[in-house]
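Trainee: Spelled out from the first residue to the last, the chains are:
Number of protein chains: 2
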Amino acid sequence: MSNLTISRRGIAMPESPIRKLVPYAEKAKARGTKVYHLNIGQPDIATPPSIMKAVADAHLRVLEYSHSAGNESYRRKLADYYKRVGIDVDYSDILITTGGSEAIIFGFMACFDAGDEVIIPEPFYANYNGFAVEAGVKVVPVPSAIETGFALPPVADFEKLITEKTKAIIICNPNNPTGYLYSREEMETLKEIVLKHNLYLFSDEAYREFCYEGEHFSAMQLQGAEENVVLMDTISKRYSACGARIGAFVTKNKILLQTVLKFAQARLSPPGLAQILGEAATDLPEDYFDETKAEYKKRRDVLVKRLNAMEGVFCPNPGGAFYAMAKLPVKSSEDFCQWLLEEFSYEGQTVMMAPAPGFYATKGLGNDEVRLAYVLNADDIEKAMDCLEVALKEYGKLNPKH
Amino acid sequence: MSNLTISRRGIAMPESPIRKLVPYAEKAKARGTKVYHLNIGQPDIATPPSIMKAVADAHLRVLEYSHSAGNESYRRKLADYYKRVGIDVDYSDILITTGGSEAIIFGFMACFDAGDEVIIPEPFYANYNGFAVEAGVKVVPVPSAIETGFALPPVADFEKLITEKTKAIIICNPNNPTGYLYSREEMETLKEIVLKHNLYLFSDEAYREFCYEGEHFSAMQLQGAEENVVLMDTISKRYSACGARIGAFVTKNKILLQTVLKFAQARLSPPGLAQILGEAATDLPEDYFDETKAEYKKRRDVLVKRLNAMEGVFCPNPGGAFYAMAKLPVKSSEDFCQWLLEEFSYEGQTVMMAPAPGFYATKGLGNDEVRLAYVLNADDIEKAMDCLEVALKEYGKLNPKH
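The listed protein sequences derive, respectively, from chains X and W.
Number 57 in my numbering belongs to position 57 of the first sequence; there are no gaps in the numbering.
Number 727 in my numbering belongs to position 325 of the second sequence; there are no gaps in the numbering.
Treat the hints with care, since some could be wrong.
[Claimed, not checked] Once the Cα atoms are required to be at most 25 Å apart in a straight line, the calculated BS3-like pairs of lysine-lysine come out as:
hint: 1; chain 1: W; residue 1: Lys656; chain 2: X; residue 2: Lys20
hint: 2; chain 1: X; residue 1: Lys138; chain 2: W; residue 2: Lys654
hint: 3; chain 1: X; residue 1: Lys20; chain 2: W; residue 2: Lys455
hint: 4; chain 1: X; residue 1: Lys27; chain 2: W; residue 2: Lys729
hint: 5; chain 1: X; residue 1: Lys254; chain 2: W; residue 2: Lys429
hint: 6; chain 1: W; residue 1: Lys455; chain 2: X; residue 2: Lys53
hint: 7; chain 1: W; residue 1: Lys707; chain 2: X; residue 2: Lys254
hint: 8; chain 1: W; residue 1: Lys707; chain 2: W; residue 2: Lys733
hint: 9; chain 1: W; residue 1: Lys729; chain 2: X; residue 2: Lys252
hint: 10; chain 1: W; residue 1: Lys799; chain 2: W; residue 2: Lys729
[Stated by the list, open to error] Here are some of the chain X residues that sit facing chain W, going by a computed Cβ distance under 7 Å:
hint: 11; residue: Arg8
hint: 12; residue: Gln42
hint: 13; residue: Ala46
hint: 14; residue: Ser50
hint: 15; residue: Ala56
hint: 16; residue: Gln223
hint: 17; residue: Ala241
hint: 18; residue: Ala244
hint: 19; residue: Pro271
hint: 20; residue: Leu273
hint: 21; residue: Asp301
hint: 22; residue: Val302
Please keep in mind that the hints were generated in silico from the structure rather than gathered at the bench.
Note that the Cβ used here is the ideal one computed from N, Cα and C, for glycine as well.
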């Protein structure tokens with residue numbers, strides 16, 4: 001046997017909480033049970049054929065390294081896209097990353113040292129935990145509540161958590177996993193906090209285009225916080241191109257961007273074929289999102305209505321993204337979600353959801369909550385809800401105490 | 403002004419030493435001077451059209467996330483490729499990464515903690531410094547010498563550097579920047595050291611196919627060091643597909659691979675389009691490399707012959723990769739390389755090379771050395787060498803003390 005050691009951060013690195021249930025889903029499928037996947041944010045929407053065609057038509061002789069900050073032609077067209085959605089940035093404020101994930105890692109690496117703290121409203125995107133472990137950073141959660149639809153917690157809740165080690169507040173808007181869309185007022189509140197306490201504001205806006213109640217207000221639109229704000233972006237959800245791995249790190253803070261460029265140089269360049277795809281996406285017609293947005297809204301309406309019609313279930317209406325959080329009449333959503341895959345089926349079908357505890361940093365929160373991604377068509381969502389409705393009744397009989 | 407801080411690691415992060423001269427090259431071009439780029443490892447060889455076509459022909463409806471470890475179909479075919487080159491691995495030993503860069507970062511993150519030490523024969527690939535800063539790891543260089551062609555330093559040189567903090571030895575074989583091809587005996591020597599001192603052996607084999615003197619012997623072929631060895635690989639150079647950003651982390655150490663998978667899950671998946679390209683590349687005919695290898699060998703022969711024919715220049719014959727290190731009759735290769743771009747031209751042309759100090763960790767080493775990448779055709783290399791020959795004479799007159 002070897003005495004070779006795994007690093008402490010390697011041991012601390014969390015497993016994907018969303019993927020924990022995958023073996024049970026595979027077994028269910030092996031038994032012939034159809035599984036409705038509401039557990040992951042992989043849209044079923046077609047990637048626009050025109051942007052796939054742009055890659056096919058590029059006919060590069062040599063697939064070369066691009067500039068470490070991404071192709072300038074793409075950065076310029078991306079700046080135009082941002083201007084069209086009301087975000088006034090120059091191409092020189094943009095660094096193209098390998099997915100939104102790399103934008104977040106770069107931000108952590110460039111802004112924080114080991115032992116630094118970042119405040120994140122919880123529940124939050126689970127992979128922030130992983131990035132925090134990589135950078136040695138402590139995540140300090142500030143709880144938001146399902147009763148308010150996961151609105152921004154009060155300023156006082158933030159302020160009591162701010163220490164001299166606090167370096168940033170991180171938000172995701174509209175939010176994954178809650179679907180909550182922060183209002184302009186909430187964004188202004190965040191601005192006041194970060195200016196007062198000299199913090200970065202990292203804003204993950206992967207779902208910008210998918211807002212169903214009101215307009216999206218970007219952190220980049222906050223006046224007077226230009227040095228503080230970093231926009232972490234991605235084309236994954238916007239154009240249903242999750243596999244492209246193209247994102248962006250956007251900031252007007254030049255010293256920070258120059259620092260991030262050094263991290264970008266170490267990994268040489270972002271993916272080349274996918275940059276062509278990303279650039280082509282900036283040429284999609286203005287009404288491209290109308291259809292997708294209408295489709296997601298329809299699905300959301302079906303999902304939320306069905307959930308709230310079930311006994312003991314509460315699902316606040318999410319204003320954006322394609323996620324909903326629901327409170328279920330169960331003691332442990334982890335046990336329930338596993339049971340759905342291991343033991344339950346209705347007309348040969350079952351449903352897979354993400355147990356909410358994986359999105360909370362505070363132990364004990366979210367035990368009776370699940371996240372549902374409405375990435376299936378409305379008919380399939382109806383069938384998945386049929387399953388869930390029957391399942392909750394059956395599970396309630398088996399576990400009468402809840 | 404803002405009081406927002408950049409992290410210590412962000413400040414410590416090195417700039418790319420290879421790119422430092424880029425502004426001078428741009429100015430030279432603006433003056434109308436033709437610049438022969440021997441400074442970077444961007445091959446001019448065409449990416450095989452069949453693998454580009456595979457991407458165009460894939461016709462995916464949705465460009466989805468792949469498995470975090472990469473597509474199983476690709477991993478299986480990559481395992482077959484490894485078997486064909488004498489490396490016996492199963493697909494389950496392979497995790498597909500975003501370029502070789504990510505394989506190296508994953509290794510650093512999963513195996514080392516802040517304060518740990520890694521021993522690397524110098525000169526070495528400059529970006530190891532960046533990855534070390536990201537992971538908080540100390541690079542301990544063990545000098546190799548141009549006089550021996552940069553052969554592996556003696557065991558005693560390694561052993562005197564090994565402390566309780568030493569966690570790994572990192573090699574690149576064939577080597578970037580030296581072109582040195584480690585012999586089987588040298589690899590066995592490394593095995594003895596890592597087994598005796600319980601270290602990882604990270605082996606960066608980006609240039610495996612390009613060996614001109616003798617056979618490549620992979621670290622994965624070392625018997626009895628299966629737990630210690632990690633192969634860091636990439637398709638960038640092999641198929642002239644640097645922009646694809648597809649690499650691999652390969653090890654039979656299951657605990658390590660499971661740990662790396664957690665880092666891979668946090669970033670979701672490697673690039674999807676480029677995985678199709680990588681998979682198609684495993685279907686290229688067996689003789690695919692013959693032509694490319696013959697081409698690089700021809701270039702190397704021209705380059706090395708021309709260099710050694712110049713007064714005061716010494717260039718050991720590199721056994722692999724597409725780099726050569728040369729000792730020049732100059733005091734500072736950094737000054738000389740800048741002068742070549744800023745002040746020199748011969749028949750309207752000049753040459754760009756990488757000053758060697760960027761590849762050394764020990765201050766003062768490599769001051770009179772440069773790295774030349776033979777990524778241009780033989781005719782262009784002849785012309786570049788014409789420039790260099792004239793330049794050295796002219797520079798010698800201007801700086802008579804050297």
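Trainee: Quick one, are Lys254(X) and Lys429(W) close enough, alpha carbons at most 25 Å?
Mentor: holds, 24 Å
Trainee: Is the straight-line distance between the alpha-carbon of Lys455(W) and that of Lys53(X) 25 Å or less?
Mentor: holds, 12 Å
Trainee: Under 7 Å is the threshold here; is the Cβ of Ala244(X) close enough to any Cβ of chain W for the hint to stand?
Mentor: holds, 6 Å
Trainee: Given Arg8(X) was flagged as interface, is its beta-carbon under 7 Å from a beta-carbon of chain W?
Mentor: At about 5 Å, which falls below the 7 Å cut-off, the nearest Cβ of chain W leaves the hint on Arg8(X) intact, so it holds.
Trainee: Just to be careful, I want the Cα atoms of Lys20(X) and Lys455(W) compared with a cutoff of 25 Å; is the pair within it?
Mentor: violated, 37 Å
Trainee: With the threshold set at 25 Å, check whether the alpha-carbon distance from Lys138(X) to Lys654(W) stays at or below it.
Mentor: violated, 32 Å
Trainee: Measure nothing beyond the straight line between the CA atoms of Lys707(W) and Lys254(X); if it is 25 Å or shorter, mark the hint as holding.
Mentor: violated, 46 Å
Trainee: Identify whether the interface hint at Val302(X) stands, where standing means a beta carbon of chain W within less than 7 Å of its own.
Mentor: With Cβ-Cβ at 21 Å, over 7 Å, it is violated.
Trainee: Identify whether the interface hint at Ala56(X) stands, where standing means a beta carbon of chain W within less than 7 Å of its own.
Mentor: holds, 4 Å
Trainee: Run the distance test for Lys27(X) versus Lys729(W): straight-line Cα separation, threshold 25 Å.
Mentor: violated, 63 Å
Trainee: Tell me if Pro271(X) is really an interface residue toward chain W, meaning its C-beta lies closer than 7 Å to one of theirs.
Mentor: Holds. Min distance 4 Å.
Trainee: Can the hint on Asp301(X) be confirmed by a CB-to-CB distance to chain W that is less than 7 Å?
Mentor: Because about 23 Å separates Asp301(X) from the closest Cβ in chain W, which is outside the 7 Å limit, the hint is violated.
The structure does not agree with the numbered hints 2, 3, 4, 7, 9, 14, 16, 21, 22 stated previously, though it agrees with the rest.
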